[in-house]
Amino acid sequence: MLKEMDYTARVILSFFIATVIFIVIFSLASSAVHYNLDLTTKGNAHITRYIAEIGASLENFSCEEDLLYEASSKLDEVGGNIGFLETKIGKNDPRVLAQKKLYSELEFRHSQMVDNFNAGCGTNFTKIFFLYSNTDGKDESEITGYILSAYKRVHPAEVMVYSFDYNLESDIINPIKSEYNITNVPAVIIRGRNFRISNINDLGGIVQGDS
Amino acid sequence: MELHILLIYILAYVGLFTTSFYALSMASYYRKKDNPSEAEDKSVSIVIPAHNEEKDIAKTIKSAMGINYPKGKLEVIVVDDGSTDSTYAIAKSFPIAVFTKKRGGKGAALNYGIGQAKNEIIITMDADTIAEPDAVRKMMAHFHNDTVVSVTPSIGVYQPKGLLGRVQQIEYYLGVFMRKTFATVNAIYVTPGAFAAYRKSFFEKHGLFEENNITEDLEIALRIQSKKLAIENAPKAVVYTMAPEKFGDVLIQRKRWYVGLIKNMWNYRHLYGFEYGTLGKVILPTATISVLLAVAIMSYAVIRSLAELQKDIVLLQSINFAFYDAFEISVYSLQSIFLHVFSEPAFIFSFLFIFIIGIYLHFSRRQMLYKEGVIINFALFILLFSLLFVFWWILSFFSAIFSKNVKWRNEDA
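Sequences listed follow chains A and B, in order. Heads up: the first sequence runs through residues 1 to 211, numbered per this note's numbering. Heads up: the second sequence runs through residues 1001 to 1413, numbered per this note's numbering.
For the record, the hints were derived by calculation from the structure and aren't laboratory data. Please note that a few of the clues may not be correct.
[Said to hold, decoys possible] Pairs of lysine-lysine, DSBU-like flavour, derived with a Cα cap of 30 Å:
id, chain 1, residue 1, chain 2, residue 2
1, A, Lys138, B, Lys1311
2, B, Lys1205, B, Lys1263
3, A, Lys74, B, Lys1311
4, B, Lys1311, A, Lys88
5, B, Lys1311, A, Lys91
6, A, Lys152, B, Lys1311
When you get a sec, could you build the whole thing from the sequences and use the hints?
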């Protein structure tokens, strides 16, 4: 009888320990996701400050190109974080959507700064708008995004890439869709023209002005 | 939630429960029980069945003869099971009892040897096994308990070489821990063919080894359990087996083990349930669930990885297979990897279980006084074992379901 009690106690205690560890692990994982959400919020705030600084720099005709790169790099980081949050929390989570809309707005403002830089500081960045989809055309969007990321890594001083979710209801994205008459994705807009890209060589040719 | 993720979480929970249960059982065992050390009062017959073992038989016989036990209480018997090589001649050159018979399989050879044995304890020893000199004394101490009819030792891989040898070394070490844990709740369900001790009276009362069973060592253990008798483990009694190292040889061995396990478990399915203590209530059900879930999850993971690989190739093709600094290390990339890993419970569970396996390994090495480093072998085990395990199991399931003939080893047509 004593042995049987020992056994029962062991089973109950084992279930208890397993449950506690299970909950702790899920809490840890959840903390990591929330930390990422926090990083995204902070990242967007950071970019906002960068853009303000770039604006001030342009007003003072000081043309601080490094600010532009730093903001661009931060945009890439936050873009990555948002993609991660979409898979972890969900694409339709209000917190993710809010950050994504803000991010799209910041991307657009950064692109305007690039225009101003090119006009006032003698730089020649090629601005690329990339409209992607996580639903229809997802695989093709993924390939195009992969090509654009790879190209930007090799030519950071040549191109500025801005990615927009085609399906996001946004005051920034809707006008872009109308302006360039985009009805399906992925779409890559370079110098006002809409391209479809399937290889990095195609992109190189377009950016260099061969197409 | 996707089905495979749900299955991973169920497997993880079962793993956490069993690990906690093992740890508590082990702790209560060491706290409550007198742990016997050594004894030499029982008379022992070591039976070594051999079929075409000319490569290893001399080493095994020397090892059996070198066992530190009172001479009048130890006999060594070799049963040559119709070898076509020089196994018999080699065995005859030693001053031990050597018999030869027509080929009948390992079970038949063992039974023949048991029939010739004069002593009260029978140790069955594979012809490719090396025992430490004090192994038998340490095992005999457990026979002071009258309910114990069998005692198992710790088994390691003898001089592991090659990838598969190294992976198996770690697997055997884990077996050492598991066997001790199972013994604490009398739930050992395999008495290893390589080396195990039995009371001769058990064979006289309940019958000899099943001669047509491909895993007669498993069947005898299940039979002992079904008679509600005890199987003990002496972790400090150390023996080494020469594990196969060629892929095909390992596959044949595993298929035999796993098909034997499926068939014997089916035959002894009455052991599942409340009548047979912890074995039926916890050990067998959790082991069965774990194997089924692991095979399902790993099969899915392999299929999905292949699909992802195809996708990755398309992606790489789009950038002409040039990585363009894609793996550049930065604070952001490290932070990103960290967050990706630690936001996924399945990854955290994996790290936790690797850590737990490390603790099992540490226990086993301490018991076996093994001092050489095993870090590389452990890494190989973590990387490869789950894949091999699933591959062996899938083939075994097919063999069991479609009743394919399972060979004892490569030479058996």
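Taking the hints in turn, this is what the structure says about them:
1. A:Lys138 - B:Lys1311: holds (12 Å)
2. B:Lys1205 - B:Lys1263: holds (24 Å)
3. A:Lys74 - B:Lys1311: holds (28 Å)
4. B:Lys1311 - A:Lys88: Holds, at about 21 Å.
5. B:Lys1311 - A:Lys91: holds (22 Å)
6. A:Lys152 - B:Lys1311: Holds, at about 21 Å.
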